[in-house]
Amino acid sequence: MVELQRNKERDWMKQRVMVASLCVLIVFIMLFLRLVYLQLIKGEEYRRLSETNCVRLKSIKPSRGLIFDRYGELLVDNRPAFDLVIVLEDAGSVPDTISFLSSLIDEPYVDLMEQIQKAGVGAVYKPIILKKDISRDQLAIVEAHKFDLPGIYVEIEPTRHYIHPKTAAHLLGYLGEVNKKELESGHFPLLRAGDQIGRYGVEKSFESYLQGRRGGRQVEVDANGRVVQVLKTVDPEPGNDLHLTLDLPLQQLAQDLLKGRDGAVVALDPSNGDVLVMVSSPAFDQNDFIGGISNNKWRALMENPGRPMINKAIQGEYPPASTYKILTAIAGLEEKQIDSRTTTFCPGFYTFRGRRYHCWRKHGHGRLNVVEAISQSCDVFFYLAGEKIGVDALAQYARGCGLGRPTGIDLDHERQGLIPTSAWKRERFNEAWYPGETLSISIGQGFNLVTPLQMAVFTAAVANGGTLFRPRVVSTVKDVHGQVVADLEPEIIGGIPAGQITLDLVSKGMVDVVQGDRGTARSIRIKQIQMAGKTGTAQVFSRKTGEKFDSENQVRTLQDHAWFVCYAPAQNPVIALSVIIEHGEHGSSAAAPVAGTLVKKYLGLLEPEQTADAAPEG
Amino acid sequence: MMFDRRLLEHFDWGLLLMVLLISFCGLIVLYSAVMAGWQGHGLHSLFERQLIWMGGGFVVMTGVLFFDFRHLNKLNLVIYGVCAGLLIGVLFFGQSGGGSQRWLSLGGISIQPSELMKIALIISLASIYAATVSPEGLSFRQLLKPAVICLIPVGLIVNQPDLGTGLMLLLIAGSITVFVKVEKKVLLILAGLSGCIVPVVWFFGLKAYQKARILTFLDPDRDPLGTGYHIIQSKIAIGSGMITGKGFLQGTQNALAFLPEQHTDFILSVLAEEWGLVGCAVLLVLYFLLISWGLNIAYNCRNMFGSILAFGITSMIFWQIFINIGMVMGLMPVVGMPLPLVSYGGSSVITNMVGFGILLNISMRRFYTG
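Chains V and P, in that order, give the protein sequences. Position one of the first sequence corresponds to residue 1 (the working numbering), numbered consecutively onward. Position one of the second sequence corresponds to residue 1 (the working numbering), numbered consecutively onward.
Please keep in mind that the hints were generated in silico from the structure rather than gathered at the bench. The C-beta atom is built at its ideal place from N, Cα and C for all residues, glycine as well. Just so you know, not all the hints are guaranteed correct.
With a cut-off of at most 25 Å between alpha-carbon atoms, the simulated SDA-like pairs for lysine to any residue come out as follows [unchecked claim]:
no.	chain 1	residue 1	chain 2	residue 2
1	P	Lys185	V	Ala432
2	V	Lys166	V	Pro150
3	V	Lys126	V	Cys23
4	P	Lys211	V	Gly212
5	V	Lys8	P	Asn73
6	P	Lys181	V	Tyr37
7	P	Lys185	V	Cys23
8	V	Lys14	P	Lys246
9	V	Lys14	P	Lys211
10	P	Lys246	V	Tyr37
11	P	Lys235	V	Gly216
12	P	Lys211	V	Gln483
13	V	Lys14	P	Val182
In silico negatives: residues of chain P with every beta carbon more than 12 Å from chain V [unchecked claim]:
no.	residue
14	Glu9
15	Leu21
16	Val60
17	Arg70
18	Lys211
Generate coordinates for the entire structure from the input sequences, incorporating the hints supplied.
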């Protein structure tokens, strides 16, 4: 019985194994026939192809996305650049060819050879770039002698072109060659050595949209490396276009106004946080970075005392000075430490614990309420208010208003500023907070640091009834056919922690800064519309209270920074600005006129001749 | 345990000889692949490493001989559990390489659990089928357990993502299942079912880029700058070898490094270029003998578990050969699949050597029953 079972099982197994063997045999015969086909029937053809090594890949770079301003004005596009390359396999005697080339185009022999050496022992059929972006003259000479220059080719590369050099340089940014480490990191699977990627500004933040996708061709080339036929082509996908919120004419005017001065201007649309203007002066020319910036130009940028490589609008951290009084007023009103009826008598100083804290106006402001204190920028009023509020409550309101933290703008390297608290000081200096320091910070001096962008966002929020928007740089991304790829909606990041009554009082004070007869920025007043603003003069060098320097003898770098924040029109604001002029001395004389001119331009009220005289303020 | 003299008498010298011959051929081709155009002194480090892996492989293979293969039947769940555990470990602690996460580092050695899983799955399936097999074929219910056993590791491996190895597991499991016979109606239902599911998944379950990836996988010409370029260079290399080849170390496609994977997946193109149709035919014959030998071991084994196990191991070797050679010659989609005993790669060498060890083990204990 067992034997029978076993035999049956053996027969069954035999049958299964036979079938399997048959399948295997068929497969192997098939593989062998394929070998015969490739090696016998097509063998001659493939042998010929292998001897000339003639099937090559040529890559086609995608064209990078364009950048437009808010009105569809082109800011950045691509132009063709002519790169000189060599393919060693086709070049014959490399030193002979290179020395002839070097005499033709007047480039040092060693520089050209260095490029070949740098390329290393890669495959000999790959083009090596000898010189990027040659001039039209050089191109003409090379083309004329192309039969005497075996292995030398001209490749056309789309190259970035910044149409308005130095315009919004910090915002737009620039490109740089991708480095080996980045290629190996795997973050850029589509890139190859030699490709450009955004290194700064919008070019960097929106790299993934702008980049596009590389294409290529499989080509057959002849013995001289010239393309005989194109076998297959994959078209490159161009990058997507960015539509910025930037207002080009306003930006250019702002740059002109800051010409020769160090500083920053930010203008926002208070209704959605759109960045209309972002100037950091001095600027750099983005076109210099194409194909690698020269050492001399780089050194000049680095050694410039105006620090052109810093975007002062987001990286510059300054004491907010009197512009901070807006915040102190909000905190005082909300904390019920002051109200609309509270008045203070300013004799020109405030004595606190045996020490005199001076008002910028030596003879004092007399008796004033919160609205008058803002418009005349009285220090004594805010010393008293700040003392009652306390440092930590003040810091809480500052943070609530978006100060001391990044605004979240889509640009790298944004600084967050500094809003001190007693806990911060203990941690930082291992020291208790002195009440006298509270007086300093309540008028925006001391440890406080803010960026011009933060002040612009804060001012825009005061203007729009309390909403803090994330500053928006790009509104839409569109593909090459004009189809919308991404809509970047305005984004609310918080609200001023204050009620409407408080904001109305503060706004009234800010309107009086410009419109009031004793306002610190009354010089920029115009008849058509009302503006609201606040001046500020940030001490760079800590002066002894009450001591006055002789401006004439003062070194420039010790001069104060001039601030002005404003919005207009006061009743229905469409623009909010923050202006800082480094070492501009007075907010009212240096910064306010810049803001005033920009407001007039934006509202279409600018007349050809505009002059502004200003009274100094503290 | 006393050493059984019969074991030595029954030792399968033929299979061992075959493995040695193929390994030898493999080393010659690998030498060409890595030494052509090599500027350094002495042996290329890849070649040295492969020698070490080969040596290690033979040690492992010998080690596998010293226990009765029937123990694997009892231990199948333990082996499967450990391998599945390692695969889950990869999910959390694995190291990435080439865009996917498949390596696990244990005490300084990197292992690829998906390779070990091949053997574990074969053992488990052999164990299940040995108990359920019948001349009428398996019913739908009997297939449930094997299906679960198979799909868990496949899911984990495809997730890594390692499409090639995942596909390999499915092919091995499918071959074993068909080999032990499935009821005709079950086979028809399964075929019909997958015929319905595939279009549904294709049109509703996949995103455009996933479809593009699969289409490129099926048709490399869709990607003429990537895999399509590899295939055309591979075909040029193979075809240019013609009948007798260009000679040892004389391959031009090889020396100029036109193929990025010439020492691993595309190594056959090196053999074909330098040794021509003659060299390829020799290797194909050796492989065919190896596969037949494995099937013969399955047939001769008196133990159902041993038979199915031998068949499973043989099918694993077969599919690697078929897919790799088919791919290199432009007959198959391009997946990462090494050529057994020829391609460079430690995991592949060790896994295959364990497989040959099991085959030798079954062969020398073929008269054991029960």
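Each hint tested on the structure:
1. P:Lys185 to V:Ala432: Not satisfied, since the Cα-Cα distance of roughly 86 Å exceeds 25 Å.
2. V:Lys166 to V:Pro150: With a Cα-Cα distance of about 41 Å, the restraint between lysine 166 (chain V) and proline 150 (chain V) is violated, given a limit of 25 Å.
3. V:Lys126 to V:Cys23: violated, 45 Å
4. P:Lys211 to V:Gly212: holds, 21 Å
5. V:Lys8 to P:Asn73: holds, 23 Å
6. P:Lys181 to V:Tyr37: violated, 36 Å
7. P:Lys185 to V:Cys23: holds, 22 Å
8. V:Lys14 to P:Lys246: Given pair lysine 14 (chain V), lysine 246 (chain P) is violated - Cα atoms ~44 Å apart, limit 25 Å.
9. V:Lys14 to P:Lys211: Given pair lysine 14 (chain V), lysine 211 (chain P) is violated - Cα atoms ~43 Å apart, limit 25 Å.
10. P:Lys246 to V:Tyr37: Answer holds: lysine 246 (chain P) to tyrosine 37 (chain V) is near 18 Å, not above 25 Å.
11. P:Lys235 to V:Gly216: The given pair, whose Cα atoms are some 20 Å apart, holds under the 25 Å limit.
12. P:Lys211 to V:Gln483: holds, 23 Å
13. V:Lys14 to P:Val182: Given pair lysine 14 (chain V), valine 182 (chain P) holds - Cα atoms ~17 Å apart, limit 25 Å.
14. Glu9: Holds, since 22 Å exceeds 12 Å.
15. Leu21: holds, 17 Å
16. Val60: holds, 26 Å
17. Arg70: Nearest chain V Cβ is 17 Å from arginine 70 (chain P), so the label holds.
18. Lys211: Non-interface label on lysine 211 (chain P) holds, nearest chain V Cβ at 17 Å vs cutoff 12 Å.
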